[in-house]
Structures are given as structure tokens and as C-alpha cells.
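All chains, full assembly: derive it from the sequences and hints.
With positions in the sequence shown counted from 1, the corresponding number in my numbering is that position plus 22.
I should point out that these hints are in silico values taken from the structure, not numbers from a laboratory. Mixed in with the good hints, there may be bad ones.
[Unchecked claim] The calculated lysine-lysine pairs, modelled on DSBU-like cross-linking and capped at a C-alpha distance of 30 Å, are:
1) K101 <-> K148
2) K215 <-> K59
3) K215 <-> K371
4) K433 <-> K221
5) K371 <-> K438
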Amino acid sequence: MSPLLDIQNLRVEFPAARGSAAVQAVDQLSCALYAGKTLGLVGESGSGKSTVARAILRLLPNAAVSGQVRWRQQTDLLKASEAEIRAIRGREIAIIFQEPMSALNPVRSCGAQLEENIRLYQDCDKQSAAIQARHWLERVGLEAPDRIARSYPHQISGGQKQRVLIAMAMVGTPRLLIADEPTTALDVRIQKKIIDLLKSLQAEFGMGMLFISHDLGLIGDLADEIAVLRAGHLAEIGPTDTVLHLPQSAYTQGLLACRPSLQRRYRRLPTIESPIPDIFVVPDKPAGNAAEPILVADALTVEYPGDRRLWGMKKQPLRALDRVNFELFPGETLGILGDSGSGKTTLGKVVAQMLEPSVGTLQYDGRSLEEIPRRAIQMIFQDPYSALNPAMRVGEALLEALRVEAPRAEKQAAIKLLETVGLQPAHYARYPRAFSGGQRQRLGIARALAVRPRILVCDEITASLDVSVQAAILNLLRDLQEQFQLSILFISHDLRVIRQMSDRVLVLRDGCVDAYGAPERVLDRAPTEYVRMLLEAAPGWGREA
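So, in C-alpha cells, the structure goes:
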């Protein structure tokens, strides 16, 4: 059988910035994709995955692209005329981008954007396009399609936006669908629904799929074959089971080793540089040697008032947290787990004194939060770039924080803090834009540590990081916890990360406590139906030895 897409010796080079050499993003890549099959393209950030996707569709106007990308053994996409490539984009090869909010027009309704695509690919009038748009919104599993069609992107959830993008890609009934990290930062149940949706559409239309991800477990649930990229080079390619269970490349072995396990906990996560695991032995009593907790939550409730609507009617109030109780001990990590909308971030904001509870109390060392200095509890946010001032050099930002605790702090103290989180003295004078995602997350940790807190609230701090960078950040956090005797509230939708980091786990569902206890009880035994559903939705669940 001839391949649907045949890539031979693909090279992509970006022009040199002033004073630097040209960047070889992809070098001599060869692979093939067949109708009805899925090729998983996996690798770390900067490995060239998204560059490959854009090169296929000629979406790299400033790059030098060479080699062959043969479509259906008829057309070399790299040499096709503009008219030929426009006829193929969308109609025959469609793409779903990673960030749906950036891919959707914020000032047009979802329905209008979908209708525009339908009219672009089909000869139909506006009324027919509107009917088809509702049909496709239903096909991708969206409830209340009329409401979604009227809604603007900011009015719907991340999972709903991703489904709208899938509908926009599918209206041309493409032969090949390129999915570029379409489930990054989605919780496990929504992620599974998106993957199941893509599988069902693939089966129905017989299309090929190029699925790009940094998550080998997710790729393993979907792909027939896996290609592993490292710094633009093909490190390994083969059938999924072979690559996952008998990897030939040391790099692939390292990527697999970095991934936290659902079934065991490591003292330190393996990394690509040190892939040998260090198994964690559960102590006789959980971390936190003190008999008294440092933080006690009693019946915490947060209720958002209903907004006033037309004709004086009001929406029902939204209860984001409903009588939540927990304790956090000195030196302990309490993992907070749940779907999007379960109340995880709301709970973190209450603990970090960014939000007042409607009902209930939160006591710190036997005192109310109003009686303690705000620096005692610090929050590290999911998006470190948004949390840093883009116009301020990172050294100055750290000095600003250090002077809260020590008014006469000097540059050397900020440099020492950079070194504490694994950065270099030379980084002091750089702006946030000069750092990678993992480095920015280290900066966020450093800024939080500058005021010498006793409690850190970590809100999805590894949600968008590669597994190798994630392992380094989690190991760093564990080291800092031991060094500074920190208590940590660790919020995540990733069960593997929660399993790795937590001494105890609190599972939230619709603002209520669904399960609470040691990870061995909550995650190994699945005491509730909801926890069981979360486990079954986790990529790679059931395939671990």
C-alpha cells in the first residue's frame, strides 16, 4: 500500500539572527504515514515537532525548507504552486493547533468561524452553512450546540474550544489530520474524550493522522507507529509497542524513564541524564514530623454570586468550594487532584490569601490568616511568563522580592537565589523572554522563595512542560522542600505527578471532597467511582508493568 504522506530527507533551517548562526530545526527527517493510521511524533520542546507540521503545509515563510514531502504519491508539497497548496490545505490536509484560544478569533462567535470554514470548503449558502455548523458541533460531542455557536471563545471551556477547532478542521473531511499537542493542559477526563473523539472520526472517515505530543503515554494510547525527534534528528521510529517496550535509542529510554509512574513513587524522578530510578520507601508515618498541623481548613466554602441578567433575573450562585476540610503538616506535600472546574485553583487562592472564603475558616499555626504576614504563604502559578514582569530583568525582580524580607539585600543575594534553583549568575541581567518554559518556572520558584515562606501553593506548575523538564522541576521542588523545610499544597490534574509528589491526596469533585488520604489508599485502591474514572482516563493506565 502506498503512503498517504511520504517525507524524505526533510530539512528546515531558520535564518541567522544578527551575530549568530542559522538554526537547523529539522535535519534529514524521513517517515511515512498511511491512510487510516496514526503516526505519533514525539520529542521535547525544540525538537522540531511543530516545525515538521508547519513545513508539511508550507506555513514557514521565513525558513529554508528542502527534501521531499510527497502527498498521495502525486504532489511534492514543497514544490507545489500556491494554487495547488491552497487547494490541499484544509480540504485534504487539516491541522489542529495546540492553543485553541490563540487559534480562534476572539471577536467572532464560534458558529460564525465554523460557518466561514464550511463556505470556504463547500459551495453552499449562509443558511445551509449554519445548519451544517450545528451538525458538526453535535458531531464533536458538544452539548447545547446552539449556545456554543452563539458563544465567543472566551465564554466556553478549554475542552469545548478544542472541540470547536476539531469541528473546524473536519468540515472539509480531510484525508489527513495533523493534531499539534491538542490536549496539552487539559485534565485527564477531557483529554480522554478528545482522544476518543479523534479515534472515532478517524475510523469513520478513514483519514490518516499525524499526532504531535511530548507525552509518550498519550501517544501510546493513540498511535500505530511512533517517531521520536531529538533536536531535529530522528532518534527512533517503529511500531508503538516496540518503541514503548523495547526502545533502541538511549534518548527514548530516557524520555520513558522521566515519566512519573501511576503505581510507584520515586525519591527522585529519573532524568535523561540519570535514568536510574530511586524507589521511594513509604515511611511509617507521613512526611511532617510534627504532631500539630501548620494549616487547618474547616468547612471552607466559596460561592460566587449570580450575575444579573436581562429583565432583572439572576443566575444561580456558583458554589466553587463546598465545606472542604483538610490539614497540612510541616514538611508535608498535600496533592490536590480533580477535573477542570473541580475547585482546585479556587482552593489554592484561598490558602494564598488571594480569595476570601464565603464560609468556613483557615488557620495557620492556630491563628487566622489575617494575623500572619502574607509572605508566609506564597503561590507559584501555572504560567510563569504571565507571573513575571516582561519589562523587568529577572535579577531586579528577585531583588524586589528579597527586600520584602531583607530591605538591604544586594545583587549577590539574588544571584545566590538563582543558583539555588539551578540557574546561572549570568541570568541575572536577562529579561523573562530570554528563558525557556522550564527556566521561567525555576524563576517563579525563586521569586516565591525570596520571602522565605513556610508554605508553597503550586498551581499546575508542570502542566505544559516536557516530561524531562517536568522531572527536573519536581526534583528541584523536592530538594528545596528538604532544604527549607517547606510545606507544599500541590495542585494538578496529572495523576502521575500527584502520585510522585504527594504524602497525602485530596480529591475534589464539583467543589466537594471526594476522597482524602495517603496516595496508597486513594490512588492505588480507588475508593470512589470518581477516582476510578480519573485513573482509567489517565494516558497509559493499564499498560504499566
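Honestly, which of those hints from before does the structure not fit? As far as the earlier hints go, 1, 4 are violated by this structure, in ascending order.
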